[in-house]
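Go by the hints and put chain B onto chain A.
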Amino acid sequence: MADAQPEELYKAREPIHPRSVKGRFRRFKTGVLVVAYGVFFLLPWVRWERTAGPDQAVMFDIPTRRYFLFDLTVYPQDMYWLAGFLILAAWFLFFVTGMFGRAFCGYFCFQTLWTDFFMKIEQWVQGDRPKRLKLEKAPWGPHKLYKKGLTWFLWVATAFWTGFTFTAYWANAPELLVDFFTGQAAFAAYATTGLLTFTTFLMAGFLREQVCIYMCPYARFQSVMFDKNTIIPAYDFKRGEGEAGRHKLGRGFKKREERHEQGVGDCIDCGYCVQVCPTGIDIRDGLQLACINCGLCVDACDTIMDKQGWPRGLVRYAAEKEIEGGEPARVIRPKSIGYGFAISVVTALLIWGIASQSPMDFAVNQVRQPLYVTLADGSIQNSYELKINNKQDRSVELDISVAGLPDPELEMAGSFESLTMEASGRQRLLMRIRHDPSELASGQHEIRFILGAKDREMEPIVQETVFYVP
Amino acid sequence: MTDNKDTEKHEVETTGHVWDDDLREYNNPLPNWWLWTFYATIIFAVVYWILYPAWPVGDDYTKGVKTVTVTDEEGNELYSGHWNTRARLIDEMQNSASAQKQREYLESVSQASYEEILSDPDKMAFARSMGKVMFADNCAGCHGSGGQGVMPYFPNLVDDAWLWGGSVEKIEQTLLNGRQGNMPGFAQIQGQQAQDLAAYVLSLSGHEVDAGAAQRGKQAYNVCMGCHGADGTGNTAMGAANLTDSIWTYAQIPDAANLEEKKAMIKDVIQNGIQREMPAFGNRLSKEEIKMLTAYVHELGGGQ
Numbered sequence: 001m002a003d004a005q006p007e008e009l010y011k012a013r014e015p016i017h018p019r020s021v022k023g024r025f026r027r028f029k030t031g032v033l034v035v036a037y038g039v040f041f042l043l044p045w046v047r048w049e050r051t052a053g054p055d056q057a058v059m060f061d062i063p064t065r066r067y068f069l070f071d072l073t074v075y076p077q078d079m080y081w082l083a084g085f086l087i088l089a090a091w092f093l094f095f096v097t098g099m100f101g102r103a104f105c106g107y108f109c110f111q112t113l114w115t116d117f118f119m120k121i122e123q124w125v126q127g128d129r130p131k132r133l134k135l136e137k138a139p140w141g142p143h144k145l146y147k148k149g150l151t152w153f154l155w156v157a158t159a160f161w162t163g164f165t166f167t168a169y170w171a172n173a174p175e176l177l178v179d180f181f182t183g184q185a186a187f188a189a190y191a192t193t194g195l196l197t198f199t200t201f202l203m204a205g206f207l208r209e210q211v212c213i214y215m216c217p218y219a220r221f222q223s224v225m226f227d228k229n230t231i232i233p234a235y236d237f238k239r240g241e242g243e244a245g246r247h248k249l250g251r252g253f254k255k256r257e258e259r260h261e262q263g264v265g266d267c268i269d270c271g272y273c274v275q276v277c278p279t280g281i282d283i284r285d286g287l288q289l290a291c292i293n294c295g296l297c298v299d300a301c302d303t304i305m306d307k308q309g310w311p312r313g314l315v316r317y318a319a320e321k322e323i324e325g326g327e328p329a330r331v332i333r334p335k336s337i338g339y340g341f342a343i344s345v346v347t348a349l350l351i352w353g354i355a356s357q358s359p360m361d362f363a364v365n366q367v368r369q370p371l372y373v374t375l376a377d378g379s380i381q382n383s384y385e386l387k388i389n390n391k392q393d394r395s396v397e398l399d400i401s402v403a404g405l406p407d408p409e410l411e412m413a414g415s416f417e418s419l420t421m422e423a424s425g426r427q428r429l430l431m432r433i434r435h436d437p438s439e440l441a442s443g444q445h446e447i448r449f450i451l452g453a454k455d456r457e458m459e460p461i462v463q464e465t466v467f468y469v470p
Numbered sequence: 001m002t003d004n005k006d007t008e009k010h011e012v013e014t015t016g017h018v019w020d021d022d023l024r025e026y027n028n029p030l031p032n033w034w035l036w037t038f039y040a041t042i043i044f045a046v047v048y049w050i051l052y053p054a055w056p057v058g059d060d061y062t063k064g065v066k067t068v069t070v071t072d073e074e075g076n077e078l079y080s081g082h083w084n085t086r087a088r089l090i091d092e093m094q095n096s097a098s099a100q101k102q103r104e105y106l107e108s109v110s111q112a113s114y115e116e117i118l119s120d121p122d123k124m125a126f127a128r129s130m131g132k133v134m135f136a137d138n139c140a141g142c143h144g145s146g147g148q149g150v151m152p153y154f155p156n157l158v159d160d161a162w163l164w165g166g167s168v169e170k171i172e173q174t175l176l177n178g179r180q181g182n183m184p185g186f187a188q189i190q191g192q193q194a195q196d197l198a199a200y201v202l203s204l205s206g207h208e209v210d211a212g213a214a215q216r217g218k219q220a221y222n223v224c225m226g227c228h229g230a231d232g233t234g235n236t237a238m239g240a241a242n243l244t245d246s247i248w249t250y251a252q253i254p255d256a257a258n259l260e261e262k263k264a265m266i267k268d269v270i271q272n273g274i275q276r277e278m279p280a281f282g283n284r285l286s287k288e289e290i291k292m293l294t295a296y297v298h299e300l301g302g303g304q
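Those protein sequences? They're chains A and B, same order as listed.
Residues in the first sequence are numbered from 1 upward in steps of one, following our numbering.
Residues in the second sequence are numbered from 1 upward in steps of one, following our numbering.
None of these hints come from the bench; they were simulated from the model.
You can take every hint at face value.
Some but not every residue of chain B turned toward chain A, in silico, with C-beta under 10 Å:
| id | residue |
| --- | --- |
| 1 | 120 |
| 2 | 144 |
| 3 | 148 |
| 4 | 161 |
| 5 | 205 |
| 6 | 206 |
| 7 | 245 |
| 8 | 246 |
Straight-line alpha carbon distances no greater than 25 Å define the calculated DSS-like cross-link-like pairs of lysine-lysine that follow:
| id | chain 1 | residue 1 | chain 2 | residue 2 |
| --- | --- | --- | --- | --- |
| 9 | B | 101 | A | 387 |
| 10 | A | 307 | A | 22 |
| 11 | B | 123 | A | 454 |
| 12 | A | 134 | A | 148 |
| 13 | A | 120 | A | 22 |
| 14 | A | 134 | A | 11 |
| 15 | A | 391 | B | 101 |
| 16 | B | 123 | A | 391 |
| 17 | A | 120 | A | 131 |
| 18 | A | 387 | B | 132 |
All residues carry an ideal CB built from backbone N, CA and C; glycine is no exception.
This is chain A alone, in the form it adopts within the complex (with noise of 0.2 Å):
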């Protein structure tokens, strides 16, 4: 050892560019693709009407701190969704995992998908792996400058596109477009846009299966939630390699029943499931960190084993002990039952909680300096200040009385009667009871204010506090 060069730690990355293939799996990913970027792209643009706040559908207005979702507007007070919106989000992909591997990476994950969409830019303009591969390794001139800067250009485009419509989530989309350029935008929309473009950049056109390899915290514990049923893609050793090997067609080797006798397995070694990987593995060597399990590698053996007659399925999505020992993966198991249980529960709740919303919040803080006052005529006053905030889309007539006492005198400060909260209004006010000293015991006696609506369309909220009695 003494005589040996210490090892090199580090490897420089060798650019992986995929193969294009068909096939089932392709076609649903590609679906993915379409569906989510639909969503993702055009629901800052779509309008929905509202008596108070923006005609955006969705948009999360920070500046007066609500979240408008369609018909729901999600108040501070209502954050506690959005942990259960989280437990809900982890435990469903714990759930696929343990069920279906890395489902999520492979067809669904935002790296994943701006990757894909990244690729079939590069594609389209350098044409498939060959051509790219010609390319990359072609010295710097005109051609190679113009292919290049024309893939550049595309992605720079589509990743300002991306982080511009992430801002418009968080603006009237129309007028942020208008103000984003003359200029007149806030410095957080062009920091956010530029921030979010620089990272789809970077992180879908050259870093790539790098983020789900070194970066994401998922790959590093998705091994936890694996066993021998779940489904991952899956090369068939078995059948491939059979006793003496997998081995090229050739001469002696072309038909399946020549191979058989020489006790040679199905696979031909042509490695296309190794060049359409995105990540640049090969599927038969077995269930590996940097698998998303996209599928692609099944399509591309399907497309062989179609081309020679034989049947599908060398690689294909199994569990480990299907094709250890040919039984068929359960899916009934604790670990379904347990993920499926929890996902149920948190479900429930979140449905609950956001049908059992408030309309409005209210808080009743009682005046202690002084904590009451003798009036002229001998009663005793007490003030209260109440908050209101109207959490419904319609303006609402108040109905505020108060209960507890025998004979209480309730009063606006002010010189109105009655009062209306605006749809989404906010509201302050001073409260005054006053109560004959002689029909109550000196100390504190607890009172409900209660708050309705006047047209009785609202379940009446109750506020507990108490009334001051020298």
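This is chain B only, laid out in the frame that chain A set:
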């Protein structure tokens, strides 16, 4: 690093110096990211010297470049100098969206009549939150943070008894010009007469006293009538208290243990009088501020 062979094997360049026979120093270049960051800090420093106060020059120092000027609405310069967070604060206090909104609100409230302020929940809420701050700055020192007053020196503003009147006009007058509360002492009323008068005053607000004493005290009440009125309801024109209600602004009758104590307290007021002063605020506060405070005080508990 003392291992000679090791250095040779790695073929790393050394500086060429040798200490203690075999001690050498590697000549590894600095990482590029470090080097470029270092160059960037040098450029930053040069730019900073130009823009901000930096170098001492004799007794003075280099002042930096004026990059920010903050003006108020009328164009008066509030700050001029290099950019810093203080300049930004001055600018935000003056020109930010919320500052402008506050000015608009203040404008609309100060344009409005009291009637309009009191009958508009939004204006009322604004006057209350702004009035609260001004009350804390100007009034709370005497009248307490919530307007509860300090007996017997500073009247309670939360109840509905007003020495000088509880309408918005009267409250505004009180704030603008101040008030001189003066009840003369009647030292000549002594002995049984004083006892009887005290009993009568107590009887006005429904306290149980000896009927005969009250009857006799009524004769002596003649001297009080000029200010407190024949029926004892007082006179807000001169700040004479209403003696018939349950509120005591000077004698602490509710705290008294028995009738004798109550009478002693009343007697003390009759013989020594009351001198109280509310200073004028008309020359200290702006018209808008007076308006805000008036509405606030009016709504504390019992405006009329």
